[in-house]
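Visitor: Take these sequences, add in the hints, and give me the full structure.
There are 2 protein chains.
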Amino acid sequence: MKFSPLVDELIKTLQCLPGVGPRSAQRMTFQLLERDRVAGQKLGQALSNAMSDVGHCSRCRTFTEQELCPICASSRRGESGQICVVESPADVLAIETSGQFSGRYFVLMGHLSPLDGLGPDEIGLDKLAALIREEQPQELILATNPTVEGDATAQYIAEMCRDDNIRVSRIAHGVPVGGELEYVDGTTLALSLTGRREL
Amino acid sequence: MKFSPLVDELIKTLQCLPGVGPRSAQRMTFQLLERDRVAGQKLGQALSNAMSDVGHCSRCRTFTEQELCPICASSRRGESGQICVVESPADVLAIETSGQFSGRYFVLMGHLSPLDGLGPDEIGLDKLAALIREEQPQELILATNPTVEGDATAQYIAEMCRDDNIRVSRIAHGVPVGGELEYVDGTTLALSLTGRREL
Ligand SMILES: [Zn+2]
Ligand SMILES: [Zn+2]
Chain Z
1 MKFSPLVDEL IKTLQCLPGV GPRSAQRMTF QLLERDRVAG QKLGQALSNA MSDVGHCSRC
61 RTFTEQELCP ICASSRRGES GQICVVESPA DVLAIETSGQ FSGRYFVLMG HLSPLDGLGP
121 DEIGLDKLAA LIREEQPQEL ILATNPTVEG DATAQYIAEM CRDDNIRVSR IAHGVPVGGE
181 LEYVDGTTLA LSLTGRREL
Chain H
1 MKFSPLVDEL IKTLQCLPGV GPRSAQRMTF QLLERDRVAG QKLGQALSNA MSDVGHCSRC
61 RTFTEQELCP ICASSRRGES GQICVVESPA DVLAIETSGQ FSGRYFVLMG HLSPLDGLGP
121 DEIGLDKLAA LIREEQPQEL ILATNPTVEG DATAQYIAEM CRDDNIRVSR IAHGVPVGGE
181 LEYVDGTTLA LSLTGRREL
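Sequence order for the protein chains is Z and H.
Note that the first sequence covers residues 1 to 199 in the UniProt record's numbering.
Note that the second sequence covers residues 1 to 199 in the UniProt record's numbering.
In case anyone wonders, no lab produced these hints; they're calculated from the structure.
Check the hints yourself; a few may be wrong.
[As the list claims (entries may be wrong)] Straight-line C-alpha distance at most 20 Å; calculated EDC-like pairs for lysine to aspartate or glutamate: (1) Z:127 <-> Z:163; (2) H:42 <-> H:53; (3) Z:2 <-> H:65; (4) Z:12 <-> H:91; (5) Z:42 <-> H:9; (6) H:42 <-> H:91; (7) H:2 <-> H:34; (8) Z:2 <-> H:53; (9) Z:127 <-> Z:34; (10) H:42 <-> Z:9; (11) H:127 <-> H:159; (12) H:12 <-> Z:65; (13) H:2 <-> Z:67; (14) Z:2 <-> H:182; (15) H:127 <-> H:87; (16) H:2 <-> Z:65; (17) Z:127 <-> Z:139; (18) H:12 <-> H:34; (19) Z:127 <-> Z:159; (20) Z:12 <-> H:53; (21) H:12 <-> Z:53; (22) H:2 <-> Z:53; (23) Z:12 <-> Z:34; (24) Z:2 <-> H:91; (25) H:2 <-> Z:185; (26) Z:127 <-> H:34; (27) H:12 <-> Z:36; (28) H:127 <-> H:67; (29) Z:127 <-> Z:164; (30) H:42 <-> Z:8; (31) H:42 <-> Z:53; (32) Z:42 <-> Z:65; (33) H:2 <-> Z:96.
[What the hints assert, rightly or not] With beta-carbon atoms standing in for the labels, derived distance ranges: (34) Z:148 <-> H:191: 55 to 63 Å; (35) H:129 <-> Z:45: 25 to 33 Å; (36) Z:152 <-> H:171: 53 to 61 Å; (37) H:113 <-> Z:152: 25 to 33 Å; (38) Z:185 <-> H:181: 45 to 53 Å.
All residues carry an ideal CB built from backbone N, CA and C; glycine is no exception.
Guide: Dropping the structure here:
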């Protein structure tokens, strides 16, 4: 024991956060205890609520505490007949910010990575295939990251849809190769969407 | 709303932590939701517990959920008749780690800073004065930080104890062990020279 049990426990558990080591966990703990207990209480409550109640949208797999996320729940978003496939919820946000897409999404929550045990089922491709059969969309826009893994995942999905009557496109490489989608500015993303090519 | 309400709320409240901005709050949220909900639940509970149950030691003011912290509660720690005055609980830990002190502490939880509204009462000096009258210690070791504010606070406490029958000392300033002389700033070097001891 370094401090009192409850203080030690808070310093220890804060280190589950990415980028937080013992030193910054200690600084966070003292700052909350000394200056902002109300904020600390709110954060504790927000964590408990999110960890127990946030699940995945039953259609697109993004995070939501509802059965359907707001985008899947909106009938207007189904009109374009387009489905944009992304790796993460942060990518959905980035594309929404670009203002260039009015369809729905499918969120892989990752990319194909056989060495990490992430095969087609783990990133929901069985679900995506069923969705395509059910919704009969006109176009699938593959907006996985412009990385080796993201490209391979897009290629795999394109192959998977070869026999479906659907246009499959890949966002243009206006996005810098090797970068991560969520860090790309809106203009570049908009260009990469309008410049998409058929696969 | 960027994501779902509970996700947005978690991203927002995480930013009460020092050094956490919108981007890293988002990364933390997704990492917990995707990979470690059990750790997230534990952290939420640890926050709630600490914020509501951790108070201050009634004798030395450090953080504890008990009436007395373990050091103040140990009668052995009272034997030396020494009280070490520090600015924060982290300083208590640092001095404990040095293994050179077996007395008790008094934790100011800050330093004198009139511009921020931190006067003698706010850093507990009324309590320290009462403690000195009550415990009649032999020595008060002033281990506030070697900064302008820490030095001023030490000076103020020394003045305050002028009429008490008590030895008041200040920790030595000097060159840190293991450091290289050429990287030590001039002020520290000057202090280490004026404070030199005969061998
Ligand atoms: Zn959805
Ligand atoms: Zn104490």
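Visitor: Now tell me if each hint is right for this structure.
Guide: Hint-by-hint comparison with the structure:
1. Restraint check for residue 127 of chain Z and residue 163 of chain Z: the C-alpha separation of about 17 Å stays at or below 20 Å, so the hint holds.
2. Restraint check: the Cα-Cα separation between residue 42 of chain H and residue 53 of chain H comes to about 16 Å, which is no more than 20 Å; the hinted pair holds.
3. A hinted pair counts as satisfied when its Cα atoms are at most 20 Å apart, and residue 2 of chain Z with residue 65 of chain H qualifies at roughly 14 Å.
4. Restraint check for residue 12 of chain Z and residue 91 of chain H: the C-alpha separation of about 18 Å stays at or below 20 Å, so the hint holds.
5. Between the alpha carbons of residue 42 of chain Z and residue 9 of chain H the distance comes to roughly 9 Å, so the proposed pair stays at or under 20 Å and holds.
6. Restraint check for residue 42 of chain H and residue 91 of chain H: the C-alpha separation of about 27 Å exceeds 20 Å, so the hint is violated.
7. A C-alpha spacing of about 18 Å is found between residue 2 of chain H and residue 34 of chain H, which places the hinted pair at or below 20 Å, so the restraint holds.
8. The hinted pair formed by residue 2 of chain Z and residue 53 of chain H meets the criterion: a straight-line CA distance of about 17 Å does not exceed 20 Å.
9. The suggested pairing of residue 127 of chain Z with residue 34 of chain Z is violated, with an alpha-carbon distance near 49 Å, which exceeds 20 Å.
10. A hinted pair counts as satisfied when its Cα atoms are at most 20 Å apart, and residue 42 of chain H with residue 9 of chain Z qualifies at roughly 9 Å.
11. For the hint pairing residue 127 of chain H with residue 159 of chain H, the CA-to-CA distance comes to about 16 Å; that is within 20 Å, so the pair holds.
12. The suggested pairing of residue 12 of chain H with residue 65 of chain Z holds, with an alpha-carbon distance near 17 Å, which does not exceed 20 Å.
13. A threshold of 20 Å between alpha carbons decides the hint, and for residue 2 of chain H with residue 67 of chain Z the separation of about 17 Å falls inside it, so the pair holds.
14. Restraint check: the Cα-Cα separation between residue 2 of chain Z and residue 182 of chain H comes to about 34 Å, which exceeds 20 Å; the hinted pair is violated.
15. Between residue 127 of chain H and residue 87 of chain H the CA atoms are separated by roughly 15 Å; this keeps the pair inside 20 Å, and the hint holds.
16. Simply put, residue 2 of chain H and residue 65 of chain Z have alpha-carbon atoms about 14 Å apart, close enough for the 20 Å limit, and the pair holds.
17. The straight-line distance between the Cα atoms of residue 127 of chain Z and residue 139 of chain Z is roughly 17 Å, inside the 20 Å bound, and the hint therefore holds.
18. Distance restraint check for residue 12 of chain H and residue 34 of chain H: the Cα-Cα separation of roughly 18 Å lies within the 20 Å cut-off, and the hinted pair is therefore satisfied.
19. Pair hint residue 127 of chain Z plus residue 159 of chain Z holds up; C-alpha atoms about 16 Å apart against a cutoff of 20 Å.
20. Pair hint residue 12 of chain Z plus residue 53 of chain H holds up; C-alpha atoms about 17 Å apart against a cutoff of 20 Å.
21. For the given pair, residue 12 of chain H sits about 17 Å from residue 53 of chain Z by alpha-carbon distance, which is consistent with the 20 Å threshold.
22. In summary, the hint linking residue 2 of chain H to residue 53 of chain Z is supported, as the alpha carbons are separated by about 17 Å, within the 20 Å threshold.
23. For a cut-off of 20 Å, the pair hint linking residue 12 of chain Z to residue 34 of chain Z stands: about 18 Å separates their Cα positions.
24. With a CA separation close to 12 Å, the supplied pair residue 2 of chain Z and residue 91 of chain H stays within the 20 Å bound.
25. Simply put, residue 2 of chain H and residue 185 of chain Z have alpha-carbon atoms about 16 Å apart, close enough for the 20 Å limit, and the pair holds.
26. In summary, the hint linking residue 127 of chain Z to residue 34 of chain H is supported, as the alpha carbons are separated by about 18 Å, within the 20 Å threshold.
27. For the suggested pair residue 12 of chain H and residue 36 of chain Z, the alpha carbons sit about 15 Å apart, so the restraint of at most 20 Å is met.
28. Using a Cα cut-off of 20 Å, the hinted pair residue 127 of chain H and residue 67 of chain H holds, with the two alpha carbons roughly 16 Å apart.
29. Using a Cα cut-off of 20 Å, the hinted pair residue 127 of chain Z and residue 164 of chain Z holds, with the two alpha carbons roughly 15 Å apart.
30. With a CA separation close to 13 Å, the supplied pair residue 42 of chain H and residue 8 of chain Z stays within the 20 Å bound.
31. A threshold of 20 Å between alpha carbons decides the hint, and for residue 42 of chain H with residue 53 of chain Z the separation of about 15 Å falls inside it, so the pair holds.
32. For the hint linking residue 42 of chain Z to residue 65 of chain Z, the alpha-carbon distance of about 19 Å falls within 20 Å, and the restraint holds.
33. A distance of roughly 9 Å separates the Cα atoms of residue 2 of chain H and residue 96 of chain Z; the hinted pair therefore holds under the 20 Å criterion.
34. As the Cβ distance of residue 148 of chain Z to residue 191 of chain H is approximately 56 Å, the hint placing it in 55 to 63 Å holds.
35. Judged by the Cβ atoms, the range 25 to 33 Å given for residue 129 of chain H and residue 45 of chain Z is violated: they are separated by roughly 40 Å.
36. Evaluation of the 53 to 61 Å hint for residue 152 of chain Z and residue 171 of chain H yields a pass: the beta carbon distance comes to about 60 Å.
37. Restraint check, residue 113 of chain H to residue 152 of chain Z: a C-beta distance of roughly 57 Å breaks the suggested window 25 to 33 Å.
38. The hinted range of 45 to 53 Å is satisfied by residue 185 of chain Z and residue 181 of chain H, whose Cβ atoms lie roughly 48 Å apart.
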